[in-house]
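Trainee: Each chain is listed here by its residues.
There are 2 protein chains.
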Amino acid sequence: MSTLPMTFLDRYNELLSAAIEKYKFRSEPKELYEPMNYILSNAGKRIRPMMVLMAAEAFGAPVEKALKPALGIEFFHNFTLIHDDIMDEAPLRRGVPTIHTLHGTNTAILSGDGLLLKAYKFFEDLEPELFKPCIRIFTQTGILLCEGQQYDVLFENQENVTYSHYLRMITYKTGILAASAFEIGAIIAKAPSADARSIFNFGMNLGIAFQIMDDYLDVFGDEKKFGKKHAGDIYENKKTILYLMARDFSSAEDREELDFWYSKKTDNIDKIYGVEKIFKKAKAGEKALLEIQKHTDLAFQYLAKINLPDAKKQAFLDLSNYLLKRVS
Amino acid sequence: MSTLPMTFLDRYNELLSAAIEKYKFRSEPKELYEPMNYILSNAGKRIRPMMVLMAAEAFGAPVEKALKPALGIEFFHNFTLIHDDIMDEAPLRRGVPTIHTLHGTNTAILSGDGLLLKAYKFFEDLEPELFKPCIRIFTQTGILLCEGQQYDVLFENQENVTYSHYLRMITYKTGILAASAFEIGAIIAKAPSADARSIFNFGMNLGIAFQIMDDYLDVFGDEKKFGKKHAGDIYENKKTILYLMARDFSSAEDREELDFWYSKKTDNIDKIYGVEKIFKKAKAGEKALLEIQKHTDLAFQYLAKINLPDAKKQAFLDLSNYLLKRVS
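For the protein sequence lines, the chains are X and L, in the order given.
FYI, this note's numbering numbers position 145 of the first sequence as 152, with every residue one higher than the one before it.
FYI, this note's numbering numbers position 316 of the second sequence as 323, with every residue one higher than the one before it.
Calculated from the structure, these hints are not laboratory results.
Relax, there's no trap hidden among the hints.
Each pair may be met inside one copy or between any two copies, as identical chains are not told apart.
Quick list of in silico lysine-lysine cross-link-like pairs, BS3-like style, CA-CA up to 30 Å:
#1 K245 with K37
#2 K284 with K272
#3 K75 with K197
#4 K245 with K52
#5 K31 with K128
#6 K246 with K37
#7 K272 with K37
#8 K128 with K197
Given only the sequences and the hints, what does the whole structure look like? Please build it.
Mentor: Structure, rendered in structure tokens:
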């Protein structure tokens, strides 16, 4: 990973870690709340709550005012992980057993529900005029995430997935939450609504670029730096951008071979070799990089529109570099 | 069931049915939204949304202003049913197959999540000063419901369940939602906060009395009028008020026999006879009726405190009679 903006991210990380510790659930019944504390303490990168803090500060709010709403975004994200892991039958998350693996599906459903509801509470310090727009965005983001998750589930058995289906799915699953995290930060700082909208669109395109990069790195990344198993998406027949581009830009013969491999779930290394060869022949990697570039450019265009001095925008550029330079 | 207040309930029912039809989900993906429409159209008694409308009208708001928040309460209630049915492995709900039975657990989890989020949207027509208190109550109610559901799940393997454990569980699972439905109606009508609190406490005690009555009717009700299978709770070893009172007020010998029967899941009719004999000897039914009376009296005391003319309170009395006179 890029080392450039570490001090900058470290500061937000410390704030967020302290806040998560402070607001740890101490209520009864512990069977409901311990799984919530468990997933929150096995921290991911906490990029989404950082986005709230970053936007709030850039637009002039004290970071403290955005801290609880930032946790609300983090809790919300973890609620989706708990429920998604049940649906995906995932045994591990961030290297540790998932909640449904440890405590069963019922506890995972209920702890997820509880975490979503608790997330709403973290906006309650805001005055009514800020509370309402933040909650509207928050709710709408949740609804789109559910839709995105449903599309993702449907993809598995759907024959004619197109790039535009894929783009909608990743927009809902990844783009919108990043967009909303920035927008909520901006609203808390009472940013002009045009700027709040621009930072929303910046976040959406950054999130999309990030997700496409994730698909790209599955095959073309350095496993050690990327931190995920090489070609995991191919093993699982995931309809990633690489697969979709390869299906669109391959000869009939190659497409038939691709369909053959994607009709089986197998650990056979021949599958990985075969599929990767087709991906390369179709220049699927290059096409993915072009899409990443396109959405990065769009993100920067929205950032440019925002009425803030360049110094205030530096954090957004640093974050973009951090998120998108994971290949290097 | 009592026929007394039917015109009165019919009017609300018509309003609610029309609103549910009007706001039926028409969005994509249909795999997410059709299960929501399915459970909403297989209407229950819609008591909870009626409570919102009833309180709003009593305190002087036009019923239309409360209609969407009332749907929010109904959607929320149905979200809990979808997820509870997964946990209980219930094959049927209101006489039709449950969502997880029809579409699998994953769809049921996601449709439940989506319905909870959609419920929040139904408050968005309220101005910020009403939106915030309503959402606070709504969220807190959801959290307590999750806690109540967790306690209920834990009861199954818990040896020392006491009446006070039971009372907390039914308060969270049934009392609070009725209480909040009334309070939200009152807030929408800008009722004085003391009155909003009183109608909350009225609803909580009414809900508790209703739930105890439900336990009572399982054994002592007329199956045809009650509409549920006789002694279903005994078959399922449910720790109802009848069981808890019998455990507390039986001889050592009877308690041993009760524990014996509750250690097996069996359809053996001897179990039902045996357990019912112990319930009767311990006067568990009479003790339950005393608790129902206690909470009904409390409810009416709170109702008496409210600063409204008697004519405006009649609807609340009619509803209480309707809900509690199910034996007659």
